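Trainee: This is what each chain is made of:
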Amino acid sequence: MSHSRPIRSSSVQPPRGQSPRILEVRTKILKKNDELARAMRAEFEAAGVVVVNLVSSPGTGKTAFLKETLTRLVKAGEPVAAVVGDLETDNDAQRLAASGAPVRQIMTHGLCHLEADMVKAHLEGWDLSSLRYLFIENVGNLVCPTSWDLGESLRVALLSVTEGEDKPLKYPGLFNTADVAVITKIDLTEACDFNRALARANIEAVRPGMRVFETSAKTGAGMDGWMEWLTRAGQA
Amino acid sequence: MHELSIATYVVDLATQHASQHEGSRVAAVTLRVGSLSCVHEAALRFSFDLVCEGTPLKGAELHIVAVPVSVWCAACQAERELPSIQRFACPVCGAPSADIRAGRELDLESIELVEAALP
Ligand SMILES: Nc1nc2c(ncn2[C@@H]2O[C@H](COP(=O)(O)OP(=O)(O)OP(=O)(O)O)[C@@H](O)[C@H]2O)c(=O)[nH]1
Ligand SMILES: [Mg+2]
Ligand SMILES: [Zn+2]
Chain Z
10 MSHSRPIRSS
20 SVQPPRGQSP
30 RILEVRTKIL
40 KKNDELARAM
50 RAEFEAAGVV
60 VVNLVSSPGT
70 GKTAFLKETL
80 TRLVKAGEPV
90 AAVVGDLETD
100 NDAQRLAASG
110 APVRQIMTHG
120 LCHLEADMVK
130 AHLEGWDLSS
140 LRYLFIENVG
150 NLVCPTSWDL
160 GESLRVALLS
170 VTEGEDKPLK
180 YPGLFNTADV
190 AVITKIDLTE
200 ACDFNRALAR
210 ANIEAVRPGM
220 RVFETSAKTG
230 AGMDGWMEWL
240 TRAGQA
Chain E
154 MHELSIATYV
164 VDLATQHASQ
174 HEGSRVAAVT
184 LRVGSLSCVH
194 EAALRFSFDL
204 VCEGTPLKGA
214 ELHIVAVPVS
224 VWCAACQAER
234 ELPSIQRFAC
244 PVCGAPSADI
254 RAGRELDLES
264 IELVEAALP
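Chains Z and E supply the protein sequences, listed in that same order. Per our numbering, the first sequence starts with residue 10, numbered consecutively. Per our numbering, the second sequence starts with residue 154, numbered consecutively.
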């Protein structure tokens, strides 16, 4: 993006009879989404439900990680629910429902991210105050979900060992809005020659101080630590 | 391509504002876009022209002011502009900082109205 000052056409001679007027608007472009998300956040807080937004590239392992998380919470007797966004198909909702938690699919039909109104529409009929956690699996995309607040309490950025260590440097915008990062598919570390220390250093570079977990939905490695952290976050 | 959604929000906002000024049309809009906002300028320009078609903004110009990232450096007690968004550390003393003061902007700054041509 260029850093040059914009050329205002007011400096150009307007056609005869037209006197341009500049209206200083100064509003957030996503105001409509921001305001709805703010109202939803207040509603979630009042209901006492912790809302977790999971964001990553396609195929990082959001569904696998979330299914494991939901299964453990259901086993522990925690009331949980999830909504999952995908461009098409309800495959992910079906996979997640195997955990025993209520799950709803949001089909975006081409839209590359979830917006607050889509989440809100899919919560209808659920008694939020009976839930402890509500998870939102965003559409697989490391760019587009960044600016859309969904009213979540926590944003989790996921990165798999198969994607390489430099993802955080390539997508700093997204990692920078996250509250916690999860490195998934840690069981493939050797196979992918993945440098864990380098990945952690890259996350630290774009988001100093952020907590990082290393997990495998396949072997269950690292899931205990994540669950403990989540439980504590849920009580805070 | 979320730029299409952003363009739609911009055009909706600008149309709303313009509708309060009868007899005028939008000749240009100016946005402030932070470098952390994940907006691709070319994609946004393309989307903007597309969304403007068939609205009172048809043919409107799009001005984009890029806003670099600044963080607060606790060590220096100063706001520092970052030379790159790959390292959130003070460019002067090297102290890491997650305290972002600028760079997330996605704002509609102003709208330029001109008299609409008589039908
Ligand atoms: N080895 C291994 N494979 C995994 C792990 N987690 C997920 N996978 C595999 O990675 C592929 C993608 O996983 P998903 O959970 O569907 O990924 P996702 O991020 O939900 O994908 P989208 O929703 O399409 O963006 C599947 O084939 C999973 O079986 C893991 O921990 N270890
Ligand atoms: Mg999925
Ligand atoms: Zn400093």
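Hints listed in this document are in silico derivations from the structure and should not be mistaken for laboratory results. Here the structure is a predicted model, which means the values were calculated and not measured. Treat the hints with caution; some may be incorrect.
Restricting the straight-line Cα-Cα distance to at most 25 Å, the calculated cross-link-like pairs of lysine-lysine (PhoX-like) are [unchecked claim]:
| # | chain 1 | residue 1 | chain 2 | residue 2 |
| --- | --- | --- | --- | --- |
| 1 | E | K211 | Z | K37 |
| 2 | Z | K227 | Z | K129 |
| 3 | Z | K129 | Z | K41 |
| 4 | E | K211 | Z | K41 |
| 5 | Z | K84 | Z | K227 |
| 6 | Z | K129 | E | K211 |
| 7 | Z | K179 | Z | K41 |
Trainee: Hint by hint, say whether it matches the structure.
Mentor: Hints, one by one, checked against the model:
no.	hint	verdict
1	E:K211 / Z:K37	holds, 22 Å
2	Z:K227 / Z:K129	violated, 32 Å
3	Z:K129 / Z:K41	holds, 13 Å
4	E:K211 / Z:K41	holds, 23 Å
5	Z:K84 / Z:K227	holds, 18 Å
6	Z:K129 / E:K211	violated, 32 Å
7	Z:K179 / Z:K41	violated, 29 Å
Figure legend: structure checked against the earlier numbered hints; hints not met, in rising order: 2, 6, 7.
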